[in-house]
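Visitor: Sequence:
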Amino acid sequence: MVMAVAAEEGDAVGERGPGAVYHMFVMMEDLLEKLKLLNYEEESVLRSHNMRQPSRHYFALPTNPGEQFYMFCTLAAWLINKAGHPFEQPQEYDDPNATISNILSELRSFGRSVDFPPSKLKAGYGEQACYVLDCLAEEALKHTSYNWKRYDSLRRQNSGADSTK
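Count the sequence shown with this note's numbering and you get residues 582 to 746, in order.
Hints are supplied without guarantee of correctness; some may be wrong.
Here are the simulated lysine to any residue pairs, SDA-like style, with alpha carbons at most 20 angstroms apart [stated by the list, open to error]: (1) K723 / L642; (2) K617 / Q649; (3) K703 / T655; (4) K617 / V602; (5) K615 / R597; (6) K615 / T655; (7) K723 / S629; (8) K701 / S726; (9) K701 / L642; (10) K617 / P677; (11) K703 / M632; (12) K703 / Y651; (13) K701 / S629; (14) K701 / E596; (15) K701 / Y603; (16) K703 / A679; (17) K723 / S690; (18) K723 / E610; (19) K617 / G598; (20) K723 / R693; (21) K615 / S726; (22) K617 / E596; (23) K701 / K723; (24) K701 / P646; (25) K701 / V607; (26) K701 / P667; (27) K701 / A658; (28) K617 / N662.
No wet-lab data here; the hints were simulated from the structure.
In this text, all values refer to a predicted model and were calculated from it rather than measured experimentally.
Please construct the entire structure, taking both the sequences and the accompanying hints into account.
Guide: Dropping the structure here:
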């Protein structure tokens, strides 16, 4: 399946190197971690739309384009709202071009670049879909003032040694 995705990307992947085809898988896994930090499971973002939680490669590989596009739009709208910008939840029968245009316009309003044609998002999967959701998740984490903390093993070891005395 990965080779089929690589074949679709054509010469562009060849120009970026042999590992470029796997970049979207890493980005998708990062996206899921960010969604967990934003408590998307507890906020029943997908349950209210009768959708299952995405697998770790859901937006990286094609499965069901209609379902993937709708989940992409649902998550994007939730992330935009979570990032502090009001955004109406798209409906299943809304014009996909208008929905994509609105999502990309919000992405640009966060100062993010969009250097691909909007039609790449219509399928609801692929590197561009992963990129958009990942950027929106980062913006939502910034807005919620999530602080990344560096793990300090020395401090942890010293505090453990002090508590045993």
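Visitor: Decide, hint by hint, whether the structure agrees.
Guide: Evaluation of the provided hints:
no.: 1; hint: K723 / L642; result: 28 angstroms, violated
no.: 2; hint: K617 / Q649; result: 19 angstroms, holds
no.: 3; hint: K703 / T655; result: 14 angstroms, holds
no.: 4; hint: K617 / V602; result: 25 angstroms, violated
no.: 5; hint: K615 / R597; result: 26 angstroms, violated
no.: 6; hint: K615 / T655; result: 16 angstroms, holds
no.: 7; hint: K723 / S629; result: 25 angstroms, violated
no.: 8; hint: K701 / S726; result: 31 angstroms, violated
no.: 9; hint: K701 / L642; result: 13 angstroms, holds
no.: 10; hint: K617 / P677; result: 27 angstroms, violated
no.: 11; hint: K703 / M632; result: 19 angstroms, holds
no.: 12; hint: K703 / Y651; result: 10 angstroms, holds
no.: 13; hint: K701 / S629; result: 27 angstroms, violated
no.: 14; hint: K701 / E596; result: 19 angstroms, holds
no.: 15; hint: K701 / Y603; result: 18 angstroms, holds
no.: 16; hint: K703 / A679; result: 11 angstroms, holds
no.: 17; hint: K723 / S690; result: 14 angstroms, holds
no.: 18; hint: K723 / E610; result: 19 angstroms, holds
no.: 19; hint: K617 / G598; result: 31 angstroms, violated
no.: 20; hint: K723 / R693; result: 14 angstroms, holds
no.: 21; hint: K615 / S726; result: 13 angstroms, holds
no.: 22; hint: K617 / E596; result: 34 angstroms, violated
no.: 23; hint: K701 / K723; result: 27 angstroms, violated
no.: 24; hint: K701 / P646; result: 12 angstroms, holds
no.: 25; hint: K701 / V607; result: 19 angstroms, holds
no.: 26; hint: K701 / P667; result: 24 angstroms, violated
no.: 27; hint: K701 / A658; result: 18 angstroms, holds
no.: 28; hint: K617 / N662; result: 16 angstroms, holds
Violated hints, in rising order: 1, 4, 5, 7, 8, 10, 13, 19, 22, 23 and 26; the structure is consistent with all others.
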